[in-house]
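Peer 1: My request is simple: use the sequences and hints to build the entire structure.
Which chain is which? The protein sequence lines are A and B, in order.
For the first sequence, the positions run 51 to 312 when our numbering is used.
For the second sequence, the positions run 23 to 346 when our numbering is used.
One or more of the hints may lead you astray.
Said to hold, decoys possible - The list that follows gives simulated cross-link-like pairs (lysine to aspartate or glutamate, DMTMM-like), each with its CA atoms no further than 20 Å apart:
| hint | chain 1 | residue 1 | chain 2 | residue 2 |
| --- | --- | --- | --- | --- |
| 1 | A | Lys196 | B | Asp271 |
| 2 | B | Lys58 | B | Asp104 |
| 3 | A | Lys286 | B | Asp323 |
| 4 | A | Lys301 | B | Glu239 |
| 5 | B | Lys69 | B | Glu91 |
| 6 | B | Lys170 | A | Glu269 |
| 7 | A | Lys277 | B | Asp165 |
| 8 | A | Lys140 | A | Glu269 |
| 9 | B | Lys237 | A | Glu88 |
| 10 | B | Lys134 | A | Glu264 |
| 11 | A | Lys222 | A | Asp163 |
| 12 | B | Lys250 | B | Glu239 |
| 13 | A | Lys197 | A | Asp52 |
Said to hold, decoys possible - Computed from the model, here is a short list of chain A residues facing chain B with C-beta under 7 Å:
| hint | residue |
| --- | --- |
| 14 | Thr63 |
| 15 | Glu65 |
| 16 | Asp174 |
| 17 | Thr193 |
| 18 | Gly214 |
| 19 | Glu216 |
| 20 | Lys222 |
| 21 | Thr231 |
| 22 | Ala247 |
| 23 | Ile274 |
| 24 | Val298 |
As the list claims (entries may be wrong) - Facing chain B, a subset of chain A residues (Cβ under 8 Å, in silico):
| hint | residue |
| --- | --- |
| 25 | Asp119 |
| 26 | Thr192 |
| 27 | Met194 |
| 28 | Gln275 |
| 29 | Phe290 |
| 30 | Glu296 |
| 31 | Ile302 |
| 32 | Leu311 |
It is worth saying that the hints were derived from the structure and are not from the lab.
Owing to the predicted nature of the structure, the values given are computational and were not obtained by experimental measurement.
Idealized CB from N, CA, C, for every residue including glycine.
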Amino acid sequence: MDIIVCVKQVPETAEADLKITADGKTMESAGLVFDINEWDDYALEEAVQIKERLGGTVTAVTVGSEAADSTLRKCLARGADQGIRVTDPKIANSDGYAVAKVLHSAIKDLPFDIVFTGAQAGDDGYSIVGPALAEMLNVPHTTMVKKIQIDGSFAKVNRELEGGLEEVLEVKLPALLSIQTGINEPRYVSIMGIRKAMQKETKILTLSDLALNEKEVGESGSWIQVKRMYIPPVEKQAEFLNGSPEEVAAKIVEILKAQGLI
Amino acid sequence: MSQIFVLVEQRQGEIRDITFEMLTKGKDIAGKLGGKLTALLLGNNVKELAKPLTEYADEVLLIEEPWLEDFNSDTYQQVLSDLIHQFKPYLTLIGHTSYGVELAPRLAVSLKLPLATDCVDLRLENQQLTVTRQVFGGKVNVDAIFNKADGYIATVRQAAFPKEEAKVQGAIKEISTPPFEEGERKRFIEYRLPPPGGVDITASDILIGVGRGIKDESEVPAIEELAKVLRGVLACSRPIVDKGWLPNDRQVGSSGKTVKPKLYFALGISGAFQHILGMKESDLIIAVNKDPNAPIFSTADYGIVDDLFKIVPALKQKIGEMKA
Numbered sequence: 051m052d053i054i055v056c057v058k059q060v061p062e063t064a065e066a067d068l069k070i071t072a073d074g075k076t077m078e079s080a081g082l083v084f085d086i087n088e089w090d091d092y093a094l095e096e097a098v099q100i101k102e103r104l105g106g107t108v109t110a111v112t113v114g115s116e117a118a119d120s121t122l123r124k125c126l127a128r129g130a131d132q133g134i135r136v137t138d139p140k141i142a143n144s145d146g147y148a149v150a151k152v153l154h155s156a157i158k159d160l161p162f163d164i165v166f167t168g169a170q171a172g173d174d175g176y177s178i179v180g181p182a183l184a185e186m187l188n189v190p191h192t193t194m195v196k197k198i199q200i201d202g203s204f205a206k207v208n209r210e211l212e213g214g215l216e217e218v219l220e221v222k223l224p225a226l227l228s229i230q231t232g233i234n235e236p237r238y239v240s241i242m243g244i245r246k247a248m249q250k251e252t253k254i255l256t257l258s259d260l261a262l263n264e265k266e267v268g269e270s271g272s273w274i275q276v277k278r279m280y281i282p283p284v285e286k287q288a289e290f291l292n293g294s295p296e297e298v299a300a301k302i303v304e305i306l307k308a309q310g311l312i
Numbered sequence: 023m024s025q026i027f028v029l030v031e032q033r034q035g036e037i038r039d040i041t042f043e044m045l046t047k048g049k050d051i052a053g054k055l056g057g058k059l060t061a062l063l064l065g066n067n068v069k070e071l072a073k074p075l076t077e078y079a080d081e082v083l084l085i086e087e088p089w090l091e092d093f094n095s096d097t098y099q100q101v102l103s104d105l106i107h108q109f110k111p112y113l114t115l116i117g118h119t120s121y122g123v124e125l126a127p128r129l130a131v132s133l134k135l136p137l138a139t140d141c142v143d144l145r146l147e148n149q150q151l152t153v154t155r156q157v158f159g160g161k162v163n164v165d166a167i168f169n170k171a172d173g174y175i176a177t178v179r180q181a182a183f184p185k186e187e188a189k190v191q192g193a194i195k196e197i198s199t200p201p202f203e204e205g206e207r208k209r210f211i212e213y214r215l216p217p218p219g220g221v222d223i224t225a226s227d228i229l230i231g232v233g234r235g236i237k238d239e240s241e242v243p244a245i246e247e248l249a250k251v252l253r254g255v256l257a258c259s260r261p262i263v264d265k266g267w268l269p270n271d272r273q274v275g276s277s278g279k280t281v282k283p284k285l286y287f288a289l290g291i292s293g294a295f296q297h298i299l300g301m302k303e304s305d306l307i308i309a310v311n312k313d314p315n316a317p318i319f320s321t322a323d324y325g326i327v328d329d330l331f332k333i334v335p336a337l338k339q340k341i342g343e344m345k346a
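Peer 2: As structure tokens, this is what we get:
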């Protein structure tokens, strides 16, 4: 199995204090910690596990500046065989559609049985790249994948629906599968992995290498353009309980008592 | 070019709520454009489902084929492409659901029409279709406009709009569609229900929900103890199940259970909308989170900005003292 995994480096924002830039269109990146997108982390692990079972190669592809090399190196250290990074300042402000075009140009001539993407990105949350890329590659796809069994020239796949329900599909290979979190247990990077990664190749490509013109990427090559970014207005706010943990605990107990809950 | 399409989401003979939510928004935009609101119902033996939709849409286009029995994005894509070519709607709305995310991007690429996903609002601003999306886990909003095209597609977040009867008497039109030619690149096999779990969190009056604020599996028992003291049951958000720290019958949210306890105690849960969908109807919500900007605080009744591992022991002790 030759597998291509598309990964993205994103800021960790769950506990970060987010600031919007003066032009109101992007996020201040200073002070933020960047790492591999959580969904892509599971996608990479799935690719490496399939390679370990069935043999083959894993190629990790990303679109981003030099800073994204740390994410590619992480993929190599965890079992990818080679990395490709597409970089060009003109790609800035691309939405999922424009990024899918870039990825398509980067991988269309590579041999593959499966292309993996994450089901979504933790930053912009488009959930576009996987299915859009599948259409460009003219291969079948499915998203929100929670289980994969390779059976000859087919993949039998469980995909997540709502309310705990799943559906089982059969997808003909080559195919693109967008991975949902929880499908496996992503491994930690080992010292051995880091050493091996140093000998692995990372290719760097620009728009001209891909024969893409600048109008096809960035704002003009996207489906939508960001006009404003802002902290959501507070419609309803909790009543905050302040004080030491002991004081707060006493207040909680009073509330629960008043409601007859204890 | 002022017609609005809404793709009806149905599964196993049931219309899903997102359909009516999209019809509410669709009616609003159709009204401003002076256009027609059209619901697209695809399936096999689904005539019965068309009737209730006539109260919400100006017309219901009914497309019935044996190969539309179960959702398959390939068959849906072919039918929708055909209808969009034929009617050239201004806007097509699709749910940002498991079905919608499978279908919409691929459809948009093939039709060369722009798509905005996971929209929480859509409106016309200076005659320009503008959407609001949430990014960075709901901590930031984005207003975006579409690049100009002959028509637009948007996927709509669940529960972003209410279900509102339009009190119209829409007509039902049966439409035929060309046979499905793609061949079986992707085949639906079956639905799979989660294995019956030992704990039914929907039956509990008191739920203690834990989330990403827990950094290690070894920290779970301390929360379990608090649940015991409160005579409640331990529940969680998605990351805890993904990590395998709690079984998936404990998961609250759109991909887990919807709960309505008397008390929902959210510990270290940031409040991604998928989680909020599953617990917002709780009678009383108390949330503890280190981040004062966590979205959970706009759903909670009471909020505590602190380390949950300071609050949990203090609370356990306080309840212990009270009982003694």
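Peer 1: Against each hint, give a clear statement of whether it holds in the structure.
Peer 2: Going through the hints against the structure:
Taken as a hint, the A/Lys196 and B/Asp271 pair is honoured in the structure, with Cα atoms around 16 Å apart against an allowance of 20 Å. Using a Cα cut-off of 20 Å, the hinted pair B/Lys58 and B/Asp104 holds, with the two alpha carbons roughly 19 Å apart. Note on A/Lys286 and B/Asp323: the hinted pairing holds, with a Cα-Cα distance of about 9 Å set against a maximum of 20 Å. Taken as a hint, the A/Lys301 and B/Glu239 pair is broken in the structure, with Cα atoms around 29 Å apart against an allowance of 20 Å.
For the given pair, B/Lys69 sits about 13 Å from B/Glu91 by alpha-carbon distance, which is consistent with the 20 Å threshold. For a cut-off of 20 Å, the pair hint linking B/Lys170 to A/Glu269 stands: about 12 Å separates their Cα positions. For a cut-off of 20 Å, the pair hint linking A/Lys277 to B/Asp165 stands: about 6 Å separates their Cα positions. Taking the CA atoms of A/Lys140 and A/Glu269, the gap is about 9 Å. The hint holds against a cut of 20 Å.
Taking the CA atoms of B/Lys237 and A/Glu88, the gap is near 15 Å; set against the 20 Å cutoff, the hint holds. Simply put, B/Lys134 and A/Glu264 have alpha-carbon atoms about 18 Å apart, close enough for the 20 Å limit, and the pair holds. A distance of roughly 10 Å separates the Cα atoms of A/Lys222 and A/Asp163; the hinted pair therefore holds under the 20 Å criterion. Distance check on the hinted pair: B/Lys250 and B/Glu239 sit about 18 Å apart at the alpha-carbon level, within 20 Å; holds.
For the given pair, A/Lys197 sits about 19 Å from A/Asp52 by alpha-carbon distance, which is consistent with the 20 Å threshold. Because the beta carbon of A/Thr63 sits about 4 Å from the nearest beta carbon in chain B, less than 7 Å, this interface hint is met. A cut of 7 Å between beta carbons decides the hint on A/Glu65: the least distance to chain B is about 5 Å, and the hint holds. A least Cβ separation of about 5 Å between A/Asp174 and chain B falls short of the 7 Å threshold, and the interface hint therefore holds.
Hint status for A/Thr193: holds, given a least beta-carbon distance of 5 Å to chain B, under 7 Å. Interface restraint check for A/Gly214: the shortest CB-CB distance to chain B comes to about 4 Å, inside 7 Å, so the restraint holds. A distance limit of 7 Å between C-beta atoms decides the matter here; for A/Glu216 the minimum to chain B is near 4 Å, and the interface restraint holds. Interface restraint check: A/Lys222 against chain B, minimum CB-CB distance 5 Å, threshold 7 Å, status holds.
Residue-level restraint check for A/Thr231 holds (minimum Cβ-Cβ distance to chain B is 5 Å; threshold 7 Å). The interface hint given for A/Ala247 is broken, as the beta carbon of that residue sits about 25 Å from the closest beta carbon of chain B, more than 7 Å. Because the beta carbon of A/Ile274 sits about 4 Å from the nearest beta carbon in chain B, less than 7 Å, this interface hint is met. Annotation: interface hint on A/Val298 holds; nearest CB of chain B at approximately 5 Å, less than 7 Å.
Annotation: A/Asp119 was flagged as interfacial toward chain B, and the flag is violated, the nearest CB pair being 23 Å apart, outside 8 Å. Hint on A/Thr192 holds. Least Cβ distance to chain B is approximately 6 Å, under the 8 Å limit. At about 5 Å, the closest approach between the beta carbon of A/Met194 and any beta carbon in chain B falls short of 8 Å, and the interface hint on this residue holds. Evaluation of the A/Gln275 hint against chain B yields a held restraint, the C-beta minimum of about 6 Å falling below 8 Å.
For A/Phe290, the suggested interface contact is upheld, since its CB lies about 5 Å from the closest CB of chain B, less than 8 Å. At a threshold of 8 Å, the smallest CB-CB gap from A/Glu296 to chain B is about 5 Å, leaving the interface hint in force. A cut of 8 Å between beta carbons decides the hint on A/Ile302: the least distance to chain B is about 6 Å, and the hint holds. Because the closest C-beta pair between A/Leu311 and chain B is about 5 Å apart, less than 8 Å, the hint holds.
Comparing the model with each earlier hint shows violations of hints 4, 22, 25; every other hint is respected.
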